[in-house]
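Chemist: Listed below, chain by chain, are the residues.
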Amino acid sequence: MLGKLFKYEIKATARLFLPLYLTIIIVAAINMLFLNTPDAGEKSTFIGNIAMGVSIVTYVTLIVGMLLMTLIVLVQRFHKNLLGDEGYLMFTLPVQPWCHILSKLFVSMLWTIVSGIVAFCSILLIAAKDISWPDLYNELSFAFSHMEQYFGSLGFLVGIEAILLGLFTLSSTILTIYAAIALGHLFNRYKLLASFGMYIALDIVSQILMSVFGFVFFNQYTLRLGYEFIPNASHVSGFMLISIIYTGLVTAVYFILTNYLLKKKLNLE
Amino acid sequence: MNPILMCNNLSKSFGHKKALDNINLNIERGRIVGLLGPNGSGKSTFIKLCNDLLVPTKGELEIAGSKPGVETKKIVSYLPERTYLNDWMKVSDIIQMFGDFYQDFNTEKAYDMMKRLNISPKERLKTLSKGTKEKVQLILVMSREAQLYLLDEPIGGVDPAARDYILDTILSNYHENATIIISTHLISDIEKILDEIIFLKDGQVVLTKMVDEIRSENGKSVDALFREVFKC
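Residue numbers (the working numbering), protein chains in the order written: chain A, 1 to 269; chain B, 1001 to 1232.
Since the hints were derived computationally from the structure, they do not count as laboratory data. Since the structure is predicted, the reported quantities are computational estimates derived from the model, not experimental observations. Check the hints yourself; a few may be wrong.
As the list claims (entries may be wrong) - Simulated pairs of lysine to aspartate or glutamate, DMTMM-like, Cα-Cα distance not exceeding 25 angstroms:
id: 1; chain 1: A; residue 1: K11; chain 2: B; residue 2: E1108
id: 2; chain 1: A; residue 1: K265; chain 2: B; residue 2: E1062
id: 3; chain 1: A; residue 1: K7; chain 2: B; residue 2: D1104
id: 4; chain 1: A; residue 1: K4; chain 2: B; residue 2: E1108
id: 5; chain 1: B; residue 1: K1090; chain 2: A; residue 2: E86
id: 6; chain 1: B; residue 1: K1074; chain 2: A; residue 2: E269
id: 7; chain 1: B; residue 1: K1017; chain 2: A; residue 2: E269
id: 8; chain 1: A; residue 1: K265; chain 2: B; residue 2: E1071
id: 9; chain 1: B; residue 1: K1090; chain 2: B; residue 2: E1123
id: 10; chain 1: B; residue 1: K1201; chain 2: B; residue 2: E1217
id: 11; chain 1: A; residue 1: K264; chain 2: B; residue 2: E1081
id: 12; chain 1: B; residue 1: K1090; chain 2: A; residue 2: D85
id: 13; chain 1: A; residue 1: K4; chain 2: B; residue 2: E1071
id: 14; chain 1: B; residue 1: K1109; chain 2: B; residue 2: D1159
id: 15; chain 1: A; residue 1: K191; chain 2: B; residue 2: E1081
id: 16; chain 1: B; residue 1: K1122; chain 2: A; residue 2: E86
id: 17; chain 1: A; residue 1: K11; chain 2: B; residue 2: D1087
id: 18; chain 1: A; residue 1: K264; chain 2: B; residue 2: E1060
id: 19; chain 1: A; residue 1: K80; chain 2: B; residue 2: D1093
id: 20; chain 1: A; residue 1: K265; chain 2: B; residue 2: D1202
id: 21; chain 1: A; residue 1: K4; chain 2: B; residue 2: D1104
Claimed, not checked - Partial selection, computed: residues in chain A whose CB lies under 7 angstroms from chain B:
id: 22; residue: K4
id: 23; residue: D85
id: 24; residue: E86
id: 25; residue: L93
Just so it is clear, CB atoms sit at the ideal spot from N, CA and C, and this is done for glycine as well.
The following block holds chain A by itself, in its conformation from the complex (with noise of 0.2 angstroms):
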């Protein structure tokens, strides 16, 4: 069954994203071409000007644009699937709510990732022309002998934990917003305002909890070691465990929360 919402999640979500992330591509090719024009400089004529301009502009704001919307679709998939009108029939599948959760968090993940990768290939086919392989492959590879050297026999621990704290991070934000935006459901009017002043509010806890966390667990380095504390890999490896603990925490409790309003609380409209 959860297969299934799977499907559904990125079908809905799917016709929204992908001709938007093909339009950002095809801009970023004609800004690709204006740029590479070979005597752009010189001969650069009004008409020329005004189209790169329009080019850039509208590359710039399709970037925006995704942003919003990878945030907007985000909200809208649980607001409106779940707890809307939607919600009559998603609800009375037979299916537990967790796995409602479940779906629509990993799709947002999908998407948000997938949204860095096409903002970042873009800006590769942008420059295209200007990159040269070899030397950025020379520069990648002295970089990471570099890592190497710093990491040593650490550098494939901590290249995991860096994936996990990215997912980890963005699970616990995603579900901020979901569990802010059930309890805000709780409220008998103004459910939108007042899911935004609840997420203001799991905010700060959050902020309160991680400064408490952060003190316990990382000053005793600092304080025991001075100013003149420079972390080596070993270091850089359990704060990133220490982060990876506390957003793998953040996100369970938020996805505990959210569930059991879900489960117990639920009053459609």
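Here the structure of chain A is known, so what remains is to put chain B in place on it, guided by the hints.
Modeler: Frame of chain A, contents of chain B only:
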């Protein structure tokens, strides 16, 4: 066989307001039951509790021996009073979705009924009129071979001409052992198909009776009895 629906001292409050107050019911299989009462008497609250869309404040509720949850959702077909169709699917997409999630869904039957009502499967749900949306929902709900149908105001939003068709659709599409609970305040329209009635008033059951008994004992139609019981 156990009754399809059973509740003991079932209550639901919203804050201080009691929407349902100590409901005790046993509903047998193979019946068409009218859940009748004025607006705000708790009809929708009761149906939502049966669908696990609300959690009882107190008391017990069992459908075919289990509490509302995934197991009961497999055998309960629910028509809410709201339109739950999303704005991006085609009629054929939502038929496929029902087939994917409900094992008792009969896809062929759904297409057949859509055809008879001249609803094109290629049509987008977004562009359908309100009445057509209600018809699509009713077809989806009645295309399931469920054990319990919970229909909340199924004829509220459609014109009288379509009402007869809808009632026919309901009657010709359920198994003998299935039970249908219809909530409405338009009694005269559905009176002829009911086996049993439940009168709800201010969250309490004031009467449960077989329709035949009402006719023979009280010598009245359900509509006349309703007007008597709920006289303002």
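Chemist: If a hint holds in the structure, say so; if it doesn't, say that too.
Modeler: Each hint tested on the structure:
1. A/K11 with B/E1108: Since the Cα atoms of A/K11 and B/E1108 sit roughly 23 angstroms apart, the hinted pair holds (cutoff 25 angstroms).
2. A/K265 with B/E1062: Within the cut-off at roughly 19 angstroms; holds.
3. A/K7 with B/D1104: holds (20 angstroms)
4. A/K4 with B/E1108: Distance of about 21 angstroms is within 25 angstroms: holds.
5. B/K1090 with A/E86: holds (15 angstroms)
6. B/K1074 with A/E269: Distance of about 23 angstroms is within 25 angstroms: holds.
7. B/K1017 with A/E269: holds (16 angstroms)
8. A/K265 with B/E1071: Satisfied, since the Cα-Cα distance of roughly 20 angstroms is no more than 25 angstroms.
9. B/K1090 with B/E1123: holds (6 angstroms)
10. B/K1201 with B/E1217: holds (22 angstroms)
11. A/K264 with B/E1081: Within the cut-off at roughly 22 angstroms; holds.
12. B/K1090 with A/D85: holds (18 angstroms)
13. A/K4 with B/E1071: Distance ~17 angstroms between A/K4 and B/E1071 Cα, so the pair holds.
14. B/K1109 with B/D1159: Holds, at about 24 angstroms.
15. A/K191 with B/E1081: Since the Cα atoms of A/K191 and B/E1081 sit roughly 21 angstroms apart, the hinted pair holds (cutoff 25 angstroms).
16. B/K1122 with A/E86: This hinted pair holds, its Cα atoms lying about 21 angstroms apart.
17. A/K11 with B/D1087: holds (13 angstroms)
18. A/K264 with B/E1060: Answer holds: A/K264 to B/E1060 is near 15 angstroms, not above 25 angstroms.
19. A/K80 with B/D1093: holds (19 angstroms)
20. A/K265 with B/D1202: holds (23 angstroms)
21. A/K4 with B/D1104: Given that 25 angstroms is the threshold and the Cα spacing comes to 16 angstroms, the pair holds.
22. K4: At 5 angstroms from the nearest chain B Cβ, A/K4 passes the 7 angstroms test, so the hint holds.
23. D85: Status holds, d = 5 angstroms.
24. E86: holds (5 angstroms)
25. L93: Interface hint status for A/L93: holds (5 angstroms vs cutoff 7 angstroms).
Against the hints set out earlier in the document, no violation occurs for any number.
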